[in-house]
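Engineer: Taken in order, these protein sequences are the chains called A and B.
Each residue of the first sequence is one higher than the last, beginning at 37 in our numbering.
Each residue of the second sequence is one higher than the last, beginning at 37 in our numbering.
Note that these hints are calculated values from the structure, not bench results.
It cannot be assumed that every hint is accurate.
Stated by the list, open to error - Here are a few chain A residues that face chain B, going by a calculated C-beta distance under 7 Å:
#1 Pro240
#2 Val248
#3 Met279
#4 Ile280
#5 Ile283
#6 Asp288
#7 Gln301
#8 Lys304
#9 Phe307
#10 Glu310
#11 Glu316
#12 Ile319
All C-beta atoms in this analysis are idealised placements derived from N, C-alpha and C, irrespective of residue type, glycine included.
Number of protein chains: 2
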Amino acid sequence: MNLQISIEKSKPCEADLMESGSVGIVKTRYYTFAHPPDEMTLESGRRLGPITLAYETYGRLNSTRSNAILIFHALSGDAHVAGRHHRTDPKPGWWDNMVGPGKAFDTDRYLIICANVIGGCSGSTGPSSIDPKTGKPYGLRFPMVTIKDMVRAQKELLDHLGISQLTAVAGGSMAGMQALQWAVTYPESAAFCIPIATAARQSPQNIAFHEVGRRAIMSDPNWRHGDYYGKEPPVDGLAIARMIGHITYLSDTTLRLKFGRRLQQNQKLSFSLEPEFQVESYIHHKGEAFTKRFDANSYLYISKAIDYFDISSGFGSLEAALRISKSKFLVISFTSDWLYPPSESEELVRALRAANKEVVYYEMPSTYGHDAFLVEGEKMSRIISYYLAHAQEEKLGDFQIGTQPLS
Amino acid sequence: MNLQISIEKSKPCEADLMESGSVGIVKTRYYTFAHPPDEMTLESGRRLGPITLAYETYGRLNSTRSNAILIFHALSGDAHVAGRHHRTDPKPGWWDNMVGPGKAFDTDRYLIICANVIGGCSGSTGPSSIDPKTGKPYGLRFPMVTIKDMVRAQKELLDHLGISQLTAVAGGSMAGMQALQWAVTYPESAAFCIPIATAARQSPQNIAFHEVGRRAIMSDPNWRHGDYYGKEPPVDGLAIARMIGHITYLSDTTLRLKFGRRLQQNQKLSFSLEPEFQVESYIHHKGEAFTKRFDANSYLYISKAIDYFDISSGFGSLEAALRISKSKFLVISFTSDWLYPPSESEELVRALRAANKEVVYYEMPSTYGHDAFLVEGEKMSRIISYYLAHAQEEKLGDFQIGTQPLS
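Chain A extracted, bound-state conformation:
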C-alpha cells in the first residue's frame, strides 16, 4: 500500500522530456476513512464521515520514511500542486514552480504530499459531496469545519501512508495557517514548519472582506440556502466573492503596472455601465473563470474556516500555543502583501521567539501583493532550498543577512 506513492515518478513520460524540472504526468488519488460509526468529531462537536481526501504525491519516500513534506493549499487551491494530469493539460499544478526535481521542494530528495481540504470541492468531502444518510449533496447540512479539522483529516491520510515523521509542513495563505496548526497539533511530527504570507490569526479586516463575499453568494437567489446542486448555481454571487478576493490578492502596484487606467483596447470612454477600464474586465474575467471550477458552498465553508483561525485559541496567547511545537520555523512574508502584511508575520515571529523556538524570518521584497506566494517561485526557492539543505545541521542565525530586520 505504501509503496504506491512513488510509482508515478518512476515512469518517465513525454511531459518529463518536454518540461525540465517537471514532475511529469501525475494522478490524483483518494483515501476514505472515518466510516460510520467511527466518524471524525469536528471542533464544532458535530461528526463527519465517511471522509474522502483527494491527494497527490510527487517524488519517492526514502527507506526510513522520513523525507516527506506535506504541502497545504490555500482557499481556492486543490491537491494538484505540480505536474499535469494529461499530456494535453493546458496548465500544470498551482505550485509547479516550487515542486519538482531541483526545485525548492525537490522531488529528487523529498516525497511531496498535498491533499484537498475537507470542505473543498476538488475530490475531498465537502458540501457538494453526497451525504450517505440522504443520498443527496450535503449543502448546508455539511458541518462547519476549521483549520484544525482540516489538518486532523490530513493526519489520517499520513497515518494511512505510513508516514509518522515529516521533514516539513509548508504553505502560503490559508495553507500557512494549516502548517502552523500542524506544528501545534502534532508538535513532534514535523522537523520544519514553513508558513508563508500568512498570520497566526485572521484579522478583522480579512473577516470583513470574507463576509461580504459570503453575503454576495447567499444573496444570489440561485443559492437557494445551499441546495442548488443539479440546478443553476449562484454564479453571480460566487463571481462577486472572487472579485473581492482577487483585488485583495493583488497589490496596488501590480494593478498600476498591469492595467493603470487604460481603457479596453485603448478605446475612448463609452460612458456606460459596461466595464470600460481594463482592470474591470480583468476582475470580471477572474470572477467568471472561478465559477467554472469552484463550488459556492465550499467557498462559504472554507472562508469561514479561515476566519475562525486563531492559533492561540484555547491557549490564552500565541506564545503559549506555539511553545508546544517542536518544529523549527521559516516564516516568509512579502513587502507588498496587504492581506497578510509583514506586520502579521512579525507578530508570529515575535511569539515564536518568545516561546524559544528557532525561527528564521524573511520579509521578501515583492510588488505582487499576496499573490507573491504563488508567483515569486524563484525568490522563494532560493530561500527554501537553502533552508531545507542547511537547517537540519546548524543554527541558521546568519541566514537572515540581507533580510528586513524585525523591529
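Knowing the structure of chain A, use the given hints to seat chain B on it.
Structural biologist: Same frame as chain A, now just chain B:
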C-alpha cells in the same frame, strides 16, 4: 434673491442654544436651471435638463460677495453639511465638526455653500428623478455624469447666487476631486483649493473595488436594469456595494481597535453562516442602513464619475492641467488612508509644485483610514483655520514645520 442665503443664520433658535458652535436649524433649498431647450451638454455629449440642485448655505455673504467657500460632498454625502433640519433631528450634517461658528469653515467669517451633486439622490437631479420627457424616473436613461459635469452644475448655482469669486473650494475624497476640478475648470474663481484625502486621478485598485460594488447591484434581480422605482429596490446588491466601500474607508488599525476578533456579545462560536464576529455585524449594519437612505442607481452613476476622474485628462499631464489654475493649494492626506493613500496626495503635490503653484501639504497622522477626513475634525480644523487665516497675506513656507516631509 441673493440676500436669502443669509436669512437662516440670523434667527437664533433652540438648537443654537443647545449646541455651541452649531449653525443651528437649517433648510435645504433648490435651484432649477438648464430648462429645455437650453439643456446642459455633458462631457459624454448627452444633454441634461432641467437640472435641480439641492443646496444649503451657512453664514452670511459679505458686502463684496467674496467670502464664500464652496464645500463639495463625497460619494454618499449630500448638501446637508452642518446643523440640523429640525429640533429633533437625531444627527447633524455630515461635516458639522468642520462647519460652524469658530470652526475650520467659520460661519462667522464665511458663507459656506454645499450642493448635492447631479446624479445624486438627495434633492438634485439624478437617475431617481422624474424624466420630464416620460413622466417616469430616469433610471438608466439618465446620462452618465462626470466630476467636471458636477462642478459645472454647481457653477450655475453660484452664478444664480451672484457669487463669482470664492475664498475657497474644499472637500474630501470625491469632494476633493471636485475641488481640484473646480480649480482647473474655473481657474480664476477660487483663491484657495483644499483637496483632502483624495487623488488627482482614481487608481485602478479603487476602480476595481467600485466595479465589484456595481456588479453586486446589477446582479441583484430587483435591480431590473435600473427600473425598480415603485417596486422592491435592489437592497441586497446595494448593501454589498456599501459593505465593500465601508471596509475600504476604514483602516486595519481601526478594525483591530474597534472589533478585533471579538464575537457577538462575547459568545462562543456558533459554527454557522450567520455573522459571528462583531466586525461582521458592523458591516452588515452599515450596508443595510445605507440602503434606507441611498438610491442604487445613484451609487452606480456617482461611482462611475469617480472612476472617470483624471484631472490630467485632455492635458497630457497632471502638471499641464494644474498649471492653468490660479488657486493656492492646501493638500491634506492621512497616514492610514489606504483608499487614497498619502502617496497619491504626494503625486498631486509634486505636480502642483512642478506647475509652480503655491502649495502646502500636510500628511496628517491618523489611525482612522480614509474616514479620517470625516472624523479628524479637530486636527483638520487647526490646519485649515490657520491656513485660511494666514494664506491670504503671506507665503506659508514655514507652515509645513511638523508635517511629514514630501519625499
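Engineer: Against each hint, give a clear statement of whether it holds in the structure.
Structural biologist: For each hint, the structure was consulted:
1. Pro240: 4 Å, holds
2. Val248: At about 5 Å, which falls below the 7 Å cut-off, the nearest Cβ of chain B leaves the hint on A:Val248 intact, so it holds.
3. Met279: 5 Å, holds
4. Ile280: 6 Å, holds
5. Ile283: With a closest approach of 5 Å, the A:Ile283 hint holds.
6. Asp288: At 5 Å from the nearest chain B Cβ, A:Asp288 passes the 7 Å test, so the hint holds.
7. Gln301: At 16 Å from the nearest chain B Cβ, A:Gln301 fails the 7 Å test, so the hint is violated.
8. Lys304: 10 Å, violated
9. Phe307: Where the cut-off is 7 Å and the nearest Cβ of chain B is about 4 Å from A:Phe307, the hint holds.
10. Glu310: Hint on A:Glu310: violated, closest Cβ of chain B at ~10 Å, above 7 Å.
11. Glu316: At 4 Å from the nearest chain B Cβ, A:Glu316 passes the 7 Å test, so the hint holds.
12. Ile319: 5 Å, holds
The structure fails hints 7, 8 and 10 (numbered hints given earlier, in ascending order).
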